[in-house]
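Trainee: Please assemble the complex out of the two chains, which come individually in their own frames, going by the hints.
So the chains spell out like this:
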Amino acid sequence: MSNSARESILDSIRTHLAASPPADDPPVTPANPVIPSKSDPVNRFKESVESVSGKCIITTDAADVLKQILTDLNAQRIAYSDNAPNAHDIFSYDVGISTAQAAIAETGTLVLDSDCERHRLVSLVPPVHIAIVNASSIVETLSDALTRLQKKEISPAITFITGPSRTADIELTLAIGVHGPQELYVIVDGSK
Amino acid sequence: MNHLSSETFKENARAALADVQLRGALKNATSLFGDRRKAAAASLPNWEDLRSQARAIKDDVLLHLDRYLEEFVRNAESRGATVHWARDAAEANSIICGLATERAARIVVKSKSMTTEETHLNDALEAAGMQVVETDLGEYIIQLAHEPPSHIIAPAIHKTRQQIGALFTAELGMRPTDNVDQMTSTARMKLRDRFAAADVGISGVNFAIAETGTIVIVENEGNIRLTTSLPRLHIAVMGIEKVIPRFNDLDVFLKLLPRSGTGQRLTTYQSFITGTKRASTDEGPDELHIVLLDNGRSRMLAHPVTRQSLACIRCGACLNACPVYQQVGGHAYGSVYPGPIGAVITPQLMGIQKAAQLPYASSLCGACREVCPVKIDIPRLLLHLRGEISPRKGSATERLAFKMWARVMTSPSLYRLSSVAGRILQRVMPISRAWTNGRDLRPIESKSFHDLYE
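Note that the protein sequences, when read in sequence, are chains A and B. So the number in the numbering used here is just where the residue sits in the first sequence, counting from 1, plus 519. So the number in the numbering used here is just where the residue sits in the second sequence, counting from 1, plus 4.
Just chain B, with the same shape it has in the complex (with noise of 0.2 Å):
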């Protein structure tokens, strides 16, 4: 069920729904990263200031883009990185392939980057005749398994791990086990090998701090580590708005993210970045370029509401939270961004029309919003994108039906006539399939409440 469209998540969320074991790994992905977020946002007696410090922060960020762009531009140049600006996919991949070929490249390794997967860029460097190689352990495995990701921060969460095992013993050789830490130290040894041969080493970004050019990326696992420092060559690709004022705003970011990702107080590693090495005998590799990618973040600027989309931190706790991907997990979306934030910013990352069903894969419960670290108001931003999307949409016949219930509504009498009228017809007259399909519609009660108050 790899590579599904967002023009048909209708019929892809029903596939997800039919699929018991999918559901199973949702129910405890979702329900344990759920419960481990309330406990590390509980255990901060300023969470909620914490939540508006960075949505501030990001607001300031936003509306002065450019200016803090140039600065930090300017200051990660002036310690020895190469800064590209790139404004669409193809432009960054081709930015990264020349950065590669011209270095007659053969092994590339990549930590996990959903702007990397936005842009498609192994697709890009396999075609030019490079060997690259996830090292992350979910994107290794989802990578094994030629499928796309279908969780912000847990790429493999919809796979168990007895499809893990065969998936290993059948693509490394690994003796057949479904033992977790056996699984690990296999692609442990794997990947190892994969480090020592790299040429090139690409990267994410979490944060690019304008005061100091310096780039900051988080992680568990330590294969970021490696893949900034074993090779001669990083690269490291950022969307444009992941740009922050001030090193010292990172303590309100550093706080959010960890917490509402994964629960943890801080992740295993955090690794500063400023510019290249100081001697050519340190440690490190001798050449640091920073891709900046817009494809379409610009576009967003333009309305406050759409803005609020380039705030997120890729946390992905609204996934975990929204009752949508808890019951029909990441694939469905056919996006790289998946659950409620993916529906608002793939719409407008890829073209409206090419995920028009996106913006309706939500009951507008609000959970996404009450747990997002920097308060998006991701429901006001699913319902701007559906006025965008069908401003005047719905049949002739809905728009009377509308229209009349209006009319009942408003007056007392008709609606009383409505009310007895309804509970005969009720048992009479069948109710549209469309409105019933997805609903219950409860049978009107034999005596009504003004009847009972009489």
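The shape of chain A in the complex, shown without the other chains (with noise of 0.2 Å):
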């Protein structure tokens, strides 16, 4: 059954394109990309990280402040992305705390691989997600970025975060927080 809907649909493809007169538009043809100018990435992705409601903070001793983060926001519960709870469980925590393994400075978003974050949910469902990213695995741009994630064979699962879950479904009225975190940390760790 399967097998005679695949023959099918590619039979309808190519008889049709077959079937088809030559197109009278000249094709279009792109001109070479323009390639962005570089800046500090760093800077720039703390700004990125800011445009779209996230929190942002560069720092030296990244432990530290995650310390003061966690007494700030009275976590209780905290869920790692390296040791979770089993995910029907996760929907109890009031905090997830994830690395990344990149992140683009021109947008803001931290880039979660399948092969180091096991449990990305623990950036999803608590109200809240701290992410700790490395400064040298910052990336200017998003194609540097894709660029990266083919060095190696790609993961089963890539997630790409820029800033806080939101929604505008309701007259079009922002709302933060919708199925995922209303707050998100980025801790810029600088000390290496």
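Hints are computed from structural coordinates only; laboratory data are not their basis. All C-beta atoms in this analysis are idealised placements derived from N, C-alpha and C, irrespective of residue type, glycine included. Nothing false has been slipped in among the hints.
Derived contacts from chain B toward chain A, CB cut-off under 10 Å, selection only:
{"hint": "1", "residue": "Val87"}
{"hint": "2", "residue": "Trp89"}
{"hint": "3", "residue": "Arg91"}
{"hint": "4", "residue": "Ile99"}
{"hint": "5", "residue": "Asp140"}
{"hint": "6", "residue": "Pro159"}
{"hint": "7", "residue": "Thr232"}
{"hint": "8", "residue": "Thr266"}
{"hint": "9", "residue": "Thr271"}
{"hint": "10", "residue": "Arg303"}
{"hint": "11", "residue": "Pro308"}
Mentor: This is the structure:
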């Protein structure tokens, strides 16, 4: 059944393409992409995170900053991406902590790779997500990040995160934290 | 005013025009989206190049669609996904219901998917005895209200916060309020309960990468991540045109799609899913099934003009830019896909006679073409479809009138005579109502330009 559907769809594609008259428009010929100018990626990343309602702290003592944030939040139940509770228990946690394998300066985006972040739901389900990223892993552009992801066999799940969860489905009024966290902290570790 | 038919677009539009609340909501939404899109496009120095690049990639894909699909399927299957081919909506629904039934599924969570709206999957799943829960906030609202979406990216755009508040109070037992944050957190709580209980997660697909077998899904809310992570079975449904050749092509499309849709640089989340998880103890579903849907798409390949329709990335920019959509909204189109792109896709998917009014739901002003991130020439498509609907339409009187008009316009003496005669006749003769119903006819000036020039 599915095999015949496959053949019949592929046949239909080939038959209809073969029947097509040639296009009378000239084909679109793109120009060379503009290379964006390089700037200080760490500060640009911070600005981008803040522009999407995230908080970003650049530090040389990530552990201390993390401790301070957890104290301020009065966090009781904390889930870590390398040692998370069962996916279904995670709903009762206050804070999720993960690292990020890369980050994109131009968009303020965190890149979580399932080969390193085994439990990515800690970045989504608890009301607060804290991510720790090495300053050296911040790349300038989306294009740089995509190129980096292809240096090895692509992992089963890659997640890009840009700011806390949001919606504007009711009268286009922005509401933060619909299905995901209301707050996102990014700690940029500049110690190495 | 739900579940209207495309066959009655004119009546639907007339009713929508009389709905003051709807027109206010549409004006706010389309102008806000339009302004944001404009600012986001202007923030990139190479916007026009990106559009050209995107179109060139899509043209290449469509001309070799068989090859790219086979490459995508090979790579997705080598990573543990199971791919199904569906010729039409019924076949897709039967595959999906079969997968769910075989696993004794009872609760299905869905993230927003226009393709499953097109196949009316929810009806099929419910008929098979399953509870289906839409988890995108906008989709959840219209599911509770039993209405179809009215915008590609903002499905509940036609409803006010008061209407949604009343709906949540009636359906979810929320304490009466029209506070958006409170409504949002009510939905969050109700939906989390469904996520935790769901057996199957069904999503759409924004891009399918041939080179790696990866599917990419973009969103802001986080419900897609939950839908594709928590249930044991993930089913992704995609039109066959969603494939793109290379992983690096995402650079172009991920720049264009969010900027064109909501004016964001990137949406909050992008999920790149390549096959199934490596170890059974890892987070994520045990099974990934991808359903490739034709449903009339391969037919559109048969002509370079109609083929363009398949380049669409469903950003919704043409809806916001369209003076017709801005006034009548999505429901008037009576189709899953509204607005200019809906007016070209619907007749091709449903059969031209079922949506014969839609290609005329446009003034051909070209605003849609200006904003389209993949440069689809929608006005040309509309004209092409009009030609297919009525190659020789028009009454004998109309044909005679145009013949005479051509004769008069090509003869200087007849033209002069006509302008004198017109001035007199306009006062004494009624002009056809059919012509003036939708247009103003200005009185002819008492002196022509020619008279003044002399």
